[in-house]
Amino acid sequence: MDVYRAIADPTRRAILDELVDRSGQSLFELCSRLIMKHGINSSRQAITQHLDVLEAAGLIRTRREGRWKLHWFEGGPLKAIGERWPISTDERELEK
Amino acid sequence: MRIHLAGVLVDDQEKALRFYTETLGFQLKHNIPLGRHAWITVVSEEAPEGTELVLEPDEHPAARPFKEALVKDGIPYTSFAVDDVEAEHERLTAKGVRFVQPPTDLGPVITAVFDDTCGNLIQIQEEKPQP
Numbered sequence: 564m565d566v567y568r569a570i571a572d573p574t575r576r577a578i579l580d581e582l583v584d585r586s587g588q589s590l591f592e593l594c595s596r597l598i599m600k601h602g603i604n605s606s607r608q609a610i611t612q613h614l615d616v617l618e619a620a621g622l623i624r625t626r627r628e629g630r631w632k633l634h635w636f637e638g639g640p641l642k643a644i645g646e647r648w649p650i651s652t653d654e655r656e657l658e659k
Numbered sequence: 006m007r008i009h010l011a012g013v014l015v016d017d018q019e020k021a022l023r024f025y026t027e028t029l030g031f032q033l034k035h036n037i038p039l040g041r042h043a044w045i046t047v048v049s050e051e052a053p054e055g056t057e058l059v060l061e062p063d064e065h066p067a068a069r070p071f072k073e074a075l076v077k078d079g080i081p082y083t084s085f086a087v088d089d090v091e092a093e094h095e096r097l098t099a100k101g102v103r104f105v106q107p108p109t110d111l112g113p114v115i116t117a118v119f120d121d122t123c124g125n126l127i128q129i130q131e132e133k134p135q136p
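In order, the protein sequence lines correspond to chains A and B.
Under my numbering, the first residue of the first sequence is numbered 564, with each subsequent residue one higher.
Under my numbering, the first residue of the second sequence is numbered 6, with each subsequent residue one higher.
What the hints contain is simulated information worked out from the structure, not anything from laboratory work.
Some clues are possibly wrong.
Stated by the list, open to error - Computed list of lysine to aspartate or glutamate pairs in DMTMM-like fashion (alpha-carbon distance at most 25 Å, straight line):
#, chain 1, residue 1, chain 2, residue 2
1, A, Lys632, B, Asp16
2, A, Lys632, B, Asp63
3, B, Lys133, B, Glu93
4, B, Lys77, A, Asp615
5, B, Lys100, B, Glu131
6, A, Lys632, A, Asp572
7, A, Lys600, A, Asp580
8, A, Lys632, B, Glu54
Turn these sequences into a full structure, and let the hints guide you.
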């Protein structure tokens, strides 16, 4: 799954926003935040599919914590974007 | 018609009674032995004549897989109203209660979700005054 397709969807970007706000969320907490803070009232199944896409792109990771499953944000794959298109070539010059 | 009872399915009624009274602070209303189990209800001390919460055995074979699936996704079995979620979170954490979701501001409400130690997650909810 490529990172560009993963972040092309506004719901998936909202999921990442919420996981940056607090890492280690259950599906229930994520869905509550999406509906209450973003007006996104997709079904839990639909959100699970979005999470699968984000996980395949390496943008989130999941872990069983006791009896519940939590989701964490992983920013690593986004670094490739900044490396491919630096903010400005001048900036690169300055770093030298 | 009135809503007189609500229930939670618990894996151990005695343990549940201790958690719901000693830890959460509800009051025992009924404890009537019924064979291997008992009819146990608790009430809020703020509303002793209000809705009773039945601590029901989760013996039905479908009950445990159902509860485990809810817990895995962090879905609370039921929700209680509190005046101050932050204060309850602090009070219950000090008593060793485990929260899967700390107090979270969702706009009109603040919620948190904890483990009742009997196989359920429970949400507490504070309604914010409307501007």
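Violations among the numbered hints, reported as their numbers in ascending order: Violated hint: only 8; rest satisfied.
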